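The chain contents come next:
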Amino acid sequence: MYQDNYEDLEFGGDVELVANSYANANIADGELDEEELIMQAQAGVQSIPEQVRNFLGHLHRNLVNCNVNDLAYNYENQFVRLTEKFYAKGPWPEPQYVAALVGDDGLFLTLYRELYYRHIYSRLHPSMETRFRSFENYCDLFNYILNSDGPIELELPNQWLWDIVDEFIYQFQSFCTHRSRVGKRTPEDIELLKDNSQVWNTYSVLNVLYSLIQKSNISKQLEAGQQGGDVIEAAGEFGVRPLYKMLGYFSIVGLVRVHCMLGDYTLALQTMENIELGNSRALFTRVTACHVTVYYYVGFSYLMMGRYADAIQSFAHILTFVSRTKQYHQRSYQFDAVNKKAEQMYALLAIAVSLSPVRVDENIHSYLREKYGDQQHKMQRGGDEAVDIISELYLFACPKFIMPNPPNYADLEAASKAVEPQSFQLKIFLREARLQLVVPTLRSFLRLYTTMDLDRLSSFLDMKPAELRNQLMVYKQRCRQLKWIGGPSLLSGEVTSTTDLDFALQEDMIFIAESRVGRRYADWFIRNTNKVQDLINNQENRQKITIANAGKPKSEETIAAAAAAAVEA
Amino acid sequence: MASFTRPSTRPDDIHTLLTGVERYNPQKASVLEDYLARQCANPDPSTNHDLMANLALLKMYQFNPDLVDLDVIRRILAKALISQSQSDFNLCLYLLSDEICSDASISKLLILRDYLEGAQFGKFWSEMYGGDDDDEDMSVVDGIAGFDNGLRKLIIGEITSTYQTVPAKAVETMVNLDEEAVLRLCKEQEWPVDNGIISLPLKGENEARATVIKESVKFEQLTKILSAANDI
Numbered sequence: 007m008y009q010d011n012y013e014d015l016e017f018g019g020d021v022e023l024v025a026n027s028y029a030n031a032n033i034a035d036g037e038l039d040e041e042e043l044i045m046q047a048q049a050g051v052q053s054i055p056e057q058v059r060n061f062l063g064h065l066h067r068n069l070v071n072c073n074v075n076d077l078a079y080n081y082e083n084q085f086v087r088l089t090e091k092f093y094a095k096g097p098w099p100e101p102q103y104v105a106a107l108v109g110d111d112g113l114f115l116t117l118y119r120e121l122y123y124r125h126i127y128s129r130l131h132p133s134m135e136t137r138f139r140s141f142e143n144y145c146d147l148f149n150y151i152l153n154s155d156g157p158i159e160l161e162l163p164n165q166w167l168w169d170i171v172d173e174f175i176y177q178f179q180s181f182c183t184h185r186s187r188v189g190k191r192t193p194e195d196i197e198l199l200k201d202n203s204q205v206w207n208t209y210s211v212l213n214v215l216y217s218l219i220q221k222s223n224i225s226k227q228l229e230a231g232q233q234g235g236d237v238i239e240a241a242g243e244f245g246v247r248p249l250y251k252m253l254g255y256f257s258i259v260g261l262v263r264v265h266c267m268l269g270d271y272t273l274a275l276q277t278m279e280n281i282e283l284g285n286s287r288a289l290f291t292r293v294t295a296c297h298v299t300v301y302y303y304v305g306f307s308y309l310m311m312g313r314y315a316d317a318i319q320s321f322a323h324i325l326t327f328v329s330r331t332k333q334y335h336q337r338s339y340q341f342d343a344v345n346k347k348a349e350q351m352y353a354l355l356a357i358a359v360s361l362s363p364v365r366v367d368e369n370i371h372s373y374l375r376e377k378y379g380d381q382q383h384k385m386q387r388g389g390d391e392a393v394d395i396i397s398e399l400y401l402f403a404c405p406k407f408i409m410p411n412p413p414n415y416a417d418l419e420a421a422s423k424a425v426e427p428q429s430f431q432l433k434i435f436l437r438e439a440r441l442q443l444v445v446p447t448l449r450s451f452l453r454l455y456t457t458m459d460l461d462r463l464s465s466f467l468d469m470k471p472a473e474l475r476n477q478l479m480v481y482k483q484r485c486r487q488l489k490w491i492g493g494p495s496l497l498s499g500e501v502t503s504t505t506d507l508d509f510a511l512q513e514d515m516i517f518i519a520e521s522r523v524g525r526r527y528a529d530w531f532i533r534n535t536n537k538v539q540d541l542i543n544n545q546e547n548r549q550k551i552t553i554a555n556a557g558k559p560k561s562e563e564t565i566a567a568a569a570a571a572a573v574e575a
Numbered sequence: 293m294a295s296f297t298r299p300s301t302r303p304d305d306i307h308t309l310l311t312g313v314e315r316y317n318p319q320k321a322s323v324l325e326d327y328l329a330r331q332c333a334n335p336d337p338s339t340n341h342d343l344m345a346n347l348a349l350l351k352m353y354q355f356n357p358d359l360v361d362l363d364v365i366r367r368i369l370a371k372a373l374i375s376q377s378q379s380d381f382n383l384c385l386y387l388l389s390d391e392i393c394s395d396a397s398i399s400k401l402l403i404l405r406d407y408l409e410g411a412q413f414g415k416f417w418s419e420m421y422g423g424d425d426d427d428e429d430m431s432v433v434d435g436i437a438g439f440d441n442g443l444r445k446l447i448i449g450e451i452t453s454t455y456q457t458v459p460a461k462a463v464e465t466m467v468n469l470d471e472e473a474v475l476r477l478c479k480e481q482e483w484p485v486d487n488g489i490i491s492l493p494l495k496g497e498n499e500a501r502a503t504v505i506k507e508s509v510k511f512e513q514l515t516k517i518l519s520a521a522n523d524i
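Residue numbers (our numbering), protein chains in the order written: chain A, 7 to 575; chain B, 293 to 524.
Just chain B, same shape as in the assembly (with noise of 0.2 Å):
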């Protein structure tokens, strides 16, 4: 949920230049879209988003039309897609307009996104991977490395926060893997699995646990009479 901070990935130059503004001229549209390729190359999902470096991008696009580059947009939609913070893809599209959402691969995204909002994971699959032609389906999230190990880490997360025990055939769509490779990743994160449920760990968020909230009273209310004591 770092999306708003500076990831340790960014280099000293994009900082300066999204902190400054010098993020409006378009001339240096070149060097975020070369960062944005970096981005799309590293596959570790905790260090391979830049959301503010990106969004900077998307400004660029919005002031000069003649720049837009819909692949590039596309990339940043998908880098979007899958990162652990639910506002960054609508943050992005807050900056385009009607006519970039109607161009084909951008409204596929925009598809795959209510589905993958919407939990329904099993439809998310079938539409990325489950169309005739494969080769323009795979297109929209081309080019990006660790997409589907990103998409399955945000899931298992969702997954993880609202079960308790969940039974292994279901995981099993929704992460689009094989028995096999389920039972592997159950080993991997040593989650007990018995007569085909899987418990999992108590994270706090699948506890529900019953609770009453307790006024915290802060420092500043107990100036006053913290004052009057020093006084006798």
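So here's chain A without its partners, still in its complex pose (with noise of 0.2 Å):
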């Protein structure tokens, strides 16, 4: 087993024979302070903790000779602890040192740069340098998977994969956001963004995501799959590879993201195309954070579109999802940023569940009351106060929107003012939440009648009539939304009502008729056929072992082993 093999002392040598020649390669170049060029290079290298070095030896080796399982364990696990132990306040080492180690491997350096940056990321607070620098890494990095004759020899794990694609789509929103506060920028800070508009440049992040999903021919390769076509075949040189298959398909989900943080949701649901949701197989579903990101984008895309009933049902099969693996990624490193996503989904459902009353999962059910119940009984009451309290969840929830520009430079004050994406985004999705909150607010009255009169019922609810009969038809005409019933595209659907409360108008009468859940027949049926299914086929195994085993000599020990595999089985 692995059990921090990292701490081998053998492999220790090896770093300190490779420090030195580094050094030598530099008194090599003959610059004036020879001297203290080697004592810096030797300094840096020797300020690494052996462990560290002993670790980013291994990472180096497994990644030479592809071995993909202990990279995953290298990068989930050790790469995590030692950022715990060595690194929690400040940056891992300087990659220039880490040069020295691995006998200057380009390929190396490149990866460990992106570790290094996307640390810093997380932990520090990138300065402009560390940004721009970081940029040109990821530039290198897709430079050198996308240009190379052939594809490239090299295997990542598909959660690391998935980190690289997602951790460059997150520098860039965070790029773009720091860009447009203007106010918040030193002048030095604006020259330097002025004179490097191509840097962070929305098109060039779409380019390498559309360049991976191109070269990979994931999008043939998922059609094949679905229309039972030859995968391989559609795959091409570069498509059948791990690696070009796997960023292909993260860039999938990564453009999905991208169409979202620029308010393009149709877009984003068309991205998804052939990309099979429910599917339990689907390779979304390999790396945990990619299965929530998926969904809760898709999720969020449908709430703007002001499908109510989509949005519900990809929330709920997410969360009810997160919550009963969750004792299973405990320890991953990743939890943490899945249970965030995880609570700003429930914000968002709480949201949509409110608008749109539907029964959701039990489970779901009584954890939105627990935690949003009192939200959800005033946003369900309506007025103001519903609205204010849709804004809190949103803007704790909605994913960070970005300017695909820069900002005017020439005319900072203007720029500095300019409403933020976010806020324009709440803006409009409230122009439609406040004429959805019509549907629980009417609701909660015509389920209490099955005939009623206009005038009474305009009286109940302190209006005029004629404004209450507007009122009914918003209410009818939001009731009736479009609804993704299976198939490639998550654009398309039938319209459908969603609501369970009906009603009519015979001129100022309304007539008012509810839909009732019938009982669960079938379901009952099925699951308790199979219990008995399960249990004859175990009995019809036992006795085949005990037939195949009579006249053999028999020991206590196989009958118990045959017994236990029967059970098993």
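Hints in this document: simulated from the structure, not taken from any laboratory.
Please note that the accuracy of each hint is not assured.
[What the hints assert, rightly or not] Mimicking DSBU-like on lysine-lysine, the simulated pairs with C-alpha atoms at most 30 Å apart in a straight line are:
1) Lys461/B / Lys400/B
2) Lys516/B / Lys550/A
3) Lys347/A / Lys332/A
4) Lys489/A / Lys510/B
5) Lys510/B / Lys226/A
6) Lys226/A / Lys320/B
7) Lys433/A / Lys406/A
8) Lys433/A / Lys384/A
9) Lys495/B / Lys479/B
10) Lys489/A / Lys461/B
[Unchecked claim] Examples of chain A residues toward chain B, derived with CB under 8 Å:
11) Thr208
12) Leu212
13) Asp270
14) Lys482
15) Ser521
16) Arg522
17) Thr535
As the structure is a computational prediction, the values presented were derived from the model and not from experiment.
The beta carbon of each residue, even a glycine, is placed where N, CA and C say it ideally should be.
Each chain sits in its own coordinate frame; assemble them with the hints.
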């Protein structure tokens, strides 16, 4: 087993040698402060704790040997543990010192730098220079992957690949937000930004994602997979390699996220084409963070489109998954991130369920009531208070939106006053939500009656009959939503009624009809039939084993083993 | 409600543009603008709106602020206003900015949208045509063939899914037509009018029938049982 094998001492010797040769190389350059340089390099390498040095050595070796399983362990466990131990408050060792440890292996250093910058982003405050350098590093990495003559010889664990794509987009978003807050930037920073408009440019980010998708033929692969075609043939030279295939796949999910950040929800859902939601074996399920991300953005897009039923279904699905598997990923380094996303989704779900009342899974329902019961009650009552609550939950739970272009540096004053995309998206959403609030309010009154005079209801609601008449029409209109009914395109769907409470008007008389959910017999029968079948199968297997073993000399042990096997089967 | 599927009037070159990376090429903006002009000239409400193409154009504007043409945005929004799918208008708005929305004719469209979605049809019509200087008001939906008819179709759709019987007078205000025109409309649609009350046909939405939702068993749920049956 692994067990801290990075502490093996033998490896330490190699490191010294490499460090010396690196220092010698500097001498050969013959610069003035030779000694100082050597000292510096040596000090730099020496300052790296031995555990870390050994870890980097192992990481390098596993990378060169394409040892994916070990890499996954290095990446998901050791890296996290060492970060906690040595680098909780400072950056990982400078890449230039690490270079000496790995014989200047360019590819390794690019990957290391990605980790190095990512750690700075997550724990410290990245300076403008770090942001620029990190971008350059991503360019190096993706250029190498995309522009080599043939597929490159590299394999990385899925988790790592996902994190690369995810972090790339996070840093892009972080840069855009940083850039647009001109009021907080120094004049030097602004000069720097002005001169380097190509850095973290929206087109270049999209270009990377689209190129990865194209290179891997992932869309064709998915289509072939769904329609029963030849996936290998569709994949082509690059796409058959796990590295390209997974990078392409994760780029699709990344693209969904970028489209959402730009407010293009239709394009986000269109991008998901051929990624089968609800399929428990789909590729996105291999990395929990990716799984959660997919549903978060799909659900959010539906919410923004006013397709509440679909939004509720997406959120409820993934939240059930998260709560069921909590115990398994408790120790995962992504546990906190997944939990935070889940909390955000509960908030969005609370909005959606309040605006379009519907029954959700029992566990989810009770969690919602415990956490957001008060807010849900207020939202359903309508009015300004409801709008305030929606805004509050929304701002807590929405993704970070970005402006695709740099601000107008020529007019900084105006640029600093520009409405942030966050509040703009909220404003548009509230226009829609305000109308939708009619549904829960009216519903709570209508459900008490079967027939009702319009004038009487209006006096209960304390509004004019003419206004109520309008609201009834709004209710009707709002309860008809497009709902996804399966198929490759998430945008498609059928117009369905999303309410259990319908009505019709005969002039001024309201006739109300409530739909109820009947008892579920079939499900019960199916489950119990399966249970009986399993029981019969077990008995039969046991019998077969007994018959097979008759005549043979048998020990107590073999019988016990056979019985255990039968039970397991 | 078919805003996301390809309309029969979308030519192949536009379709290729929309489904590839060319949709980011700002030089193609004029192609989509021309296509919008063709949508605006077509009075047939069932084929004259291509939301996906118009969203792609708005995205080009989002990425290239120097290309922004407010009149094009106005027409896109006006088209979305009369779309059968209620989310179209918002989907367009999400791609705009506060600055664009504060433009006079765009903010006027926002007001119109609020009236329309709030089923305040009387206010809607008077906001559109009742202003003092008609010229300026007209311009908001100028150059869109069949705007009024598309709009009436939308409103009538809402009336027929809410009411079983409705006073003709109420319909007159809602669709902004005089008595005679409404009666003509009823005749066309074969809706009986009795004593100023129009009887609308029952079409599911306006029936309000109490139902018991029965569970539906999916085939996948039975696979295990069926495969066991096969073994016997």
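These are the hints, each one checked on the structure:
| no. | hint | result |
| --- | --- | --- |
| 1 | Lys461/B / Lys400/B | 28 Å, holds |
| 2 | Lys516/B / Lys550/A | 22 Å, holds |
| 3 | Lys347/A / Lys332/A | 13 Å, holds |
| 4 | Lys489/A / Lys510/B | 18 Å, holds |
| 5 | Lys510/B / Lys226/A | 29 Å, holds |
| 6 | Lys226/A / Lys320/B | 26 Å, holds |
| 7 | Lys433/A / Lys406/A | 15 Å, holds |
| 8 | Lys433/A / Lys384/A | 20 Å, holds |
| 9 | Lys495/B / Lys479/B | 18 Å, holds |
| 10 | Lys489/A / Lys461/B | 35 Å, violated |
| 11 | Thr208 | 7 Å, holds |
| 12 | Leu212 | 7 Å, holds |
| 13 | Asp270 | 6 Å, holds |
| 14 | Lys482 | 5 Å, holds |
| 15 | Ser521 | 5 Å, holds |
| 16 | Arg522 | 5 Å, holds |
| 17 | Thr535 | 6 Å, holds |
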